[in-house]
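Position chain B against the provided structure of chain A, taking the given hints into account.
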Amino acid sequence: IAGITQAPTSQILAAGRRMTLRCTQDMRHNAMYWYRQDLGLGLRLIHYSNTAGTTGKGEVPDGYSVSRANTDDFPLTLASAVPSQTSVYFCATRAKGLAGGPSNEQFFGPGTRLTVL
Amino acid sequence: KNQVEQSPQSLIILEGKNCTLQCNYTVSPFSNLRWYKQDTGRGPVSLTIMTFSENTKSNGRYTATLDADTKQSSLHITASQLSDSASYICVVSAYGNNRLAFGKGNQVVVIP
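So the protein lines, in turn, are chains A and B. Each residue of the first sequence is one higher than the last, beginning at 226 in our numbering. Each residue of the second sequence is one higher than the last, beginning at 34 in our numbering.
Watch out, some of these pointers could steer you wrong.
Simulated restraints on C-beta separations [to be verified]: (1) A:K282 / B:L44: 27 to 37 angstroms; (2) B:V142 / A:A227: 23 to 33 angstroms; (3) B:I144 / A:N255: 37 to 47 angstroms; (4) A:E284 / B:P41: 40 to 50 angstroms; (5) A:I237 / B:D100: 19 to 29 angstroms; (6) A:R243 / B:N88: 46 to 56 angstroms; (7) B:G129 / A:R253: 19 to 29 angstroms; (8) B:R132 / A:S309: 20 to 30 angstroms.
Pairs of lysine to aspartate or glutamate, DMTMM-like flavour, derived with a Cα cap of 25 angstroms [what the hints assert, rightly or not]: (9) B:K90 / A:E330; (10) B:K104 / A:E330; (11) B:K104 / A:E284.
Hints are computed from structural coordinates only; laboratory data are not their basis. Backbone N, C-alpha and C fix where the C-beta goes; we use that ideal spot for every residue, glycine too.
Isolated chain B (complex conformation):
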């Protein structure tokens, strides 16, 4: 069973609207959680990182939340733009382990 589950698998939203992506994980002991953005034909790029003590972090129109008790994270996109069309990958790291646990990604398509 994958240690990181993301939902929804894909979604289509109108330009200017908001959306929220979900990530549930079972990785333990938890160290940090990153959201990566992957544009079509490109490699993933880190958007945010959250450690155990953080519950909200923003990067422009992207806001990530973390609930370490329920092992859930969300990525909220505000006032979506066409350039937000991408796959968003939740990546979780455990202490003492340099390997990462990857979610399968949320595919977001923003339409005009």
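The following block holds chain A by itself, in its conformation from the complex:
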């Protein structure tokens, strides 16, 4: 069982280019999340999806878009990358449970290290 896979592991990208970070899970979890992690700022939520077919904006959504066509995949797209999007990106999932309840553990993928020059 792979859990959560993210691709690519790392990427160097020229500013202005389009980039899609992939996230796939095999746990059949309903909710999926994209975070960015920057030194001194911790994890910040970019976008989320409570279930297939729905998405929502997090704390720092500008410059990013997501889609959730099915349960397993939740790609994150940077339409036109900028240097401030240099970060480590984590995809996470959560099984369905009472909102905010103890079953709300989020499981994190291994991350994608993105550098925009």
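Using the frame of chain A, we list chain B on its own:
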């Protein structure tokens, strides 16, 4: 203002020694608090979860405490090992809200 504050930001400890990490939060209404461990280059992994009614929970050499009245939690590492070198992130959840409030982490370095 961040709803979860952690201290110290970083610390260096000798192998075999104990250390305690602190987490203060303002999240309300409180549901549960988790401590995650994040090894370098990896995603965070949950260590412990504590709900309102729990004040101590252990996971091996890790012991978490919770004081829901003062909205404080601590993570105590006993007899530290080199593999304990990591960032420890305090994460708090509110009832009725699936989003999590993250602390910025305590960076622990264990040296031989």
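Hint by hint, here is what the structure shows:
Take K282 of chain A and L44 of chain B: their Cβ atoms lie about 36 angstroms apart, and the range 27 to 37 angstroms holds. Judged by the Cβ atoms, the range 23 to 33 angstroms given for V142 of chain B and A227 of chain A holds: they are separated by roughly 31 angstroms. For the pair I144 of chain B and N255 of chain A, the supplied restraint of 37 to 47 angstroms holds, since their beta-carbon distance comes to about 43 angstroms. The supplied range of 40 to 50 angstroms is broken by E284 of chain A and P41 of chain B, whose beta-carbon atoms lie about 25 angstroms from each other.
The supplied range of 19 to 29 angstroms is broken by I237 of chain A and D100 of chain B, whose beta-carbon atoms lie about 46 angstroms from each other. For the pair R243 of chain A and N88 of chain B, the supplied restraint of 46 to 56 angstroms holds, since their beta-carbon distance comes to about 50 angstroms. Distance hint check: the CB atoms of G129 of chain B and R253 of chain A are about 24 angstroms apart, consistent with the given range 19 to 29 angstroms. Against the hinted window of 20 to 30 angstroms, the Cβ-Cβ separation of R132 of chain B and S309 of chain A comes to about 23 angstroms, which satisfies the hint.
For the hint pairing K90 of chain B with E330 of chain A, the CA-to-CA distance comes to about 16 angstroms; that is within 25 angstroms, so the pair holds. With a CA separation close to 20 angstroms, the supplied pair K104 of chain B and E330 of chain A stays within the 25 angstroms bound. Proximity of K104 of chain B to E284 of chain A is assessed by CA-CA distance (about 23 angstroms); at most 25 angstroms being required, the pair is judged to hold.
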